[in-house]
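**Student:** We have chain A; now place chain B onto it with these hints.
Keeping their order, the protein sequence lines are chains A and B. If you read the first sequence in our numbering, its first letter stands for residue 4, the second for the next number, and so on. If you read the second sequence in our numbering, its first letter stands for residue 2, the second for the next number, and so on.
Think of the hints as simulated: they come from the structure by calculation, not from any bench. Fair warning: this is a prediction, and the values are worked out from it, not measured in the lab. The beta-carbon is built from N, C-alpha and C at its ideal position, and this holds for glycine as well.
Heads up, simulated DSSO-like pairs for lysine-lysine below, C-alpha to C-alpha not over 27 Å straight-line:
| hint | chain 1 | residue 1 | chain 2 | residue 2 |
| --- | --- | --- | --- | --- |
| 1 | A | Lys204 | B | Lys335 |
| 2 | B | Lys437 | B | Lys408 |
| 3 | A | Lys21 | B | Lys257 |
| 4 | A | Lys204 | A | Lys132 |
| 5 | B | Lys369 | B | Lys437 |
| 6 | B | Lys257 | A | Lys104 |
Listed next, the stretches of chain B that the computed footprint assigns to chain A, with coverage defined by at least 3 CB atoms under 8 Å from CB atoms of chain A:
| hint | segment |
| --- | --- |
| 7 | 288-295 |
| 8 | 323-332 |
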Amino acid sequence: MRILIIEDDDETAAYLAKGLKETGYTVDRAADGREGLFLATSEQYDAMIVDRMLPGMDGLAIVQSLRAQANMTPVLILSALGQVDDRVRGLQAGGDDYLTKPYAFSELLARLQALLRRHKPGGGETTLKVGDLELDLLSRTAKRAGKPIELLPREFRLLEFLMRHAGQVVTRTMLLERVWDYHFDPQTNVIDVHVSRLRQKIDRGFSPAMLHTVRGAGYRLSAEPA
Amino acid sequence: MAITSGRLFRTTGFRLSLMYVVLFGVGVVCLFAFLYWRTLTLIDRETDAAIESEIAGLAAQYRQQGLGGLVRIVAERASAQREGPNVYLLTRPDLTPLAGNIERWPNEARQTPVGIVFDITGDTGAVNARAQTFVLEGGYRLLVGRDLRQRAMLRQLLAETLAWGLTITIGLGLVGALLVGRNLLSRVEAINRTGQRIMHGDLHERVAVKGAGDEFDRLAENLNAMLDQIERLMLAMREVSDNVAHDLRGPLTRMKARLELALLAKDGPEDAAQYRAAIETAIAETDRLLATFNALLSIAEAESGALHQSMQPVDLMQLAEDVAELYAPALEEKGLTLSTRIVDCPRVLGSRQLLFQALANLLENAMKYTPAGGRVTIATRALEGGAGAAVSVADNGPGVPAELREKVLHRYVRLDQARSTPGSGLGLSLVAAAAKLHAARLQLADNNPGLVVTLEFPRGIRVDAPTDEKNTQKEPP
Numbered sequence: 004m005r006i007l008i009i010e011d012d013d014e015t016a017a018y019l020a021k022g023l024k025e026t027g028y029t030v031d032r033a034a035d036g037r038e039g040l041f042l043a044t045s046e047q048y049d050a051m052i053v054d055r056m057l058p059g060m061d062g063l064a065i066v067q068s069l070r071a072q073a074n075m076t077p078v079l080i081l082s083a084l085g086q087v088d089d090r091v092r093g094l095q096a097g098g099d100d101y102l103t104k105p106y107a108f109s110e111l112l113a114r115l116q117a118l119l120r121r122h123k124p125g126g127g128e129t130t131l132k133v134g135d136l137e138l139d140l141l142s143r144t145a146k147r148a149g150k151p152i153e154l155l156p157r158e159f160r161l162l163e164f165l166m167r168h169a170g171q172v173v174t175r176t177m178l179l180e181r182v183w184d185y186h187f188d189p190q191t192n193v194i195d196v197h198v199s200r201l202r203q204k205i206d207r208g209f210s211p212a213m214l215h216t217v218r219g220a221g222y223r224l225s226a227e228p229a
Numbered sequence: 002m003a004i005t006s007g008r009l010f011r012t013t014g015f016r017l018s019l020m021y022v023v024l025f026g027v028g029v030v031c032l033f034a035f036l037y038w039r040t041l042t043l044i045d046r047e048t049d050a051a052i053e054s055e056i057a058g059l060a061a062q063y064r065q066q067g068l069g070g071l072v073r074i075v076a077e078r079a080s081a082q083r084e085g086p087n088v089y090l091l092t093r094p095d096l097t098p099l100a101g102n103i104e105r106w107p108n109e110a111r112q113t114p115v116g117i118v119f120d121i122t123g124d125t126g127a128v129n130a131r132a133q134t135f136v137l138e139g140g141y142r143l144l145v146g147r148d149l150r151q152r153a154m155l156r157q158l159l160a161e162t163l164a165w166g167l168t169i170t171i172g173l174g175l176v177g178a179l180l181v182g183r184n185l186l187s188r189v190e191a192i193n194r195t196g197q198r199i200m201h202g203d204l205h206e207r208v209a210v211k212g213a214g215d216e217f218d219r220l221a222e223n224l225n226a227m228l229d230q231i232e233r234l235m236l237a238m239r240e241v242s243d244n245v246a247h248d249l250r251g252p253l254t255r256m257k258a259r260l261e262l263a264l265l266a267k268d269g270p271e272d273a274a275q276y277r278a279a280i281e282t283a284i285a286e287t288d289r290l291l292a293t294f295n296a297l298l299s300i301a302e303a304e305s306g307a308l309h310q311s312m313q314p315v316d317l318m319q320l321a322e323d324v325a326e327l328y329a330p331a332l333e334e335k336g337l338t339l340s341t342r343i344v345d346c347p348r349v350l351g352s353r354q355l356l357f358q359a360l361a362n363l364l365e366n367a368m369k370y371t372p373a374g375g376r377v378t379i380a381t382r383a384l385e386g387g388a389g390a391a392v393s394v395a396d397n398g399p400g401v402p403a404e405l406r407e408k409v410l411h412r413y414v415r416l417d418q419a420r421s422t423p424g425s426g427l428g429l430s431l432v433a434a435a436a437k438l439h440a441a442r443l444q445l446a447d448n449n450p451g452l453v454v455t456l457e458f459p460r461g462i463r464v465d466a467p468t469d470e471k472n473t474q475k476e477p478p
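For reference, chain A alone in the conformation it holds in the complex (with noise of 0.2 Å):
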C-alpha cells in the first residue's frame, strides 16, 4: 500500500514514515502543497496524510482541488486547528477524516488503516463474519458458536464498527465518534466500560477471546489471540 505524506515539518513527517514503514507501507513525502499535488495527481496511492498549514498551497485546497479531478484517493488531514469549525471545514473540504495535533502514532495509524479499508471495493453485505462471531445486519442479531447474543442497540453498532475494522487498532476517540456521533475528550472511561460490557457478552464463555485491550491505543477485534 502506498502512502502519501504531504507535511511542510521535517521531523514529523521522518516520524510519520518511519512509522508507516515500519507497519510495511510504502511512503512518499512532499514538503509542500505544490509538491504534494503534484504528486498526488501524478501517482497512484492508496492513502494521503495532508497537512493543514503547507507553504505554497493550504491543505484543503490541495483536497479540494483532487476532488474537483474526480481523485477520491482517501484523505487523512492533520491539523494544529483542533475547534469543531475547523474540523468541519476539513472534512466539508472532502477529507475522509481530521486528526488534530499533536496525536498519537496508534491513533493516527488507526484512522488511516480505518480510512484504507472503508476504501475497499465491496460493502453492501448483509452479515460480518469474523472467526466464529457472526453479525446479521439485516436481523440485527448477533451469534458466536451458533449461540445467539442479547446485545443492546449500541452494543450492536460498537460490535459492527470493530467488526468491520476486525484485526485494526480502533481508538477511543474513534469509536466516540463513530458509534456515539460525538467528539470531546471523555476524562472518564466511558468507553472502555461500554467495550468490557462487549467483551462480557461475545467473550464470556467462548474461546479465544476476540476483543483486545491494546496498551495505549485502544482495542483490536480478531479471532486471532493477541
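**Tutor:** Leaving out everything else, chain B in the frame of chain A:
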C-alpha cells in the same frame, strides 16, 4: 487640541452648511426679484391709470372751454407742479409748445402714445418721466406725464434691501456653517482621539457620551460596547495564556525532571526497564497535559463566541438520552444509579458538540463526587410558557455549599474535599462558558441533599412541521 481651519473647511458639516447658505442665497435673490418686479409693475400701471384719467379730464376741458381754456388750465397745473412729479405739454399740430413745464416735445413720444419714458432735466438734476400723449380735435397735441423720481427711489430701496438681506443671510449662514462644522468636527475628533489612545494601548479608554441621545451618542455607545467586547476578549485571551502557563509549566517541569533522572541512571540491565517506566510516565503526563490543554481551548472557543456561526437546532432530549446512554455503564460500575426524566421540550439553537461536552462534564462531576449507592438524574423540561427548554443533572452527593456555588464556576477552583480526586478544575468552567455562549442560565441549586445543575435556555426553536430528522445518528430499529 486646536482644530485647524483646513480641516474645518473639509468637514461634512461645514460643506453641508455651505450648500444650504448657497441655496438660501438663491432663495433670497429670487424672492427680492419677484417683489421688485411686482412692485414696479404695479407702480407703472397705477401711474398709467392716473395719467389716462387726467388726459380724459383735460380732453373734456378742451371740448368745453376750447383751446384757450385748456392752455390756461395746463399752464396753471404746469406751474403748480414745477417741482412736483407731474409733467405737462400742450403743442400745436407742428409740435411748437403752447403751454407746459417742459421745453419741447420728446423724441420718444413720436412713435407711440402710451408708456413713454423720457429724460426731463429739472432743477433737481436728470430725472426720468413716464408719459402718455393725446391728439386733440384740431391736431393739438397733449402730453401728460409723471416723473419717476419716487419709483427710482423705491427701486434703490429695494436693491439696497436685497443687498443687505443677502449679506446677512450669507454671513449668518457662514457663521452657522463654521459652528456646525466645528461642533461636528470636535465630536468626531473626540472619537478619533479615543481611538488613537486605544491604538496606543490604553484599552480602558471609552468614547465620551454627551447624553443628548443623538446619533453621535449612539455611535459612541456602539463603539464603547464594541470596545467592551474587545477588552473582554483580550482579558479572556490573557487569562487563557496565564492558565496555560500555570497549568502546563508544572507538569512539564515534573516530566523533564523525571526524564533527566532516568537518564542519570547507571548503565545496567535494569536500566532498560527504568527507561521504559520513565517514558511511560512521560506519555501519561503528556496525555494529561493535552487533556487540560484541550479543555482550556474548548473554554476559550466557547467564550470567544466563534461557535455562533455553526449553531444548529439541537434536540436537548436526544442529547440527554445520548449522554445518559454513554455514561450509564460507567456510573453503574461505580455503584450509582442513573435515571432519566425526559419531558418534551422545544429544540434550542446551539452547538451540539459543546452542549454534549457540557452535559458530559456535569455527569462526570456527579460520578466523581457522589458516593456509591447514590442516584444521578438527568432531566429535560420545557420552561414555563413553553418557549424555552431546560436540561439538568442532579445527584445526591455532598453538594456545593450555597456561598461557593458562584465560585466553583471559575477556572481551577476545586473545593477542599475535591483535592484528593483527580481533575483539572476546568469542568464547570466549560459548562459556564457553554451556558454563556448559548445565552442560557446556569443554576446550581440544592438537591436536598446533593447538587442539581440546571441549564435554562430561554429561547427555544418552534418547529412547525415535525421532522423525523434528528441531529444524532438514528438508532437502529
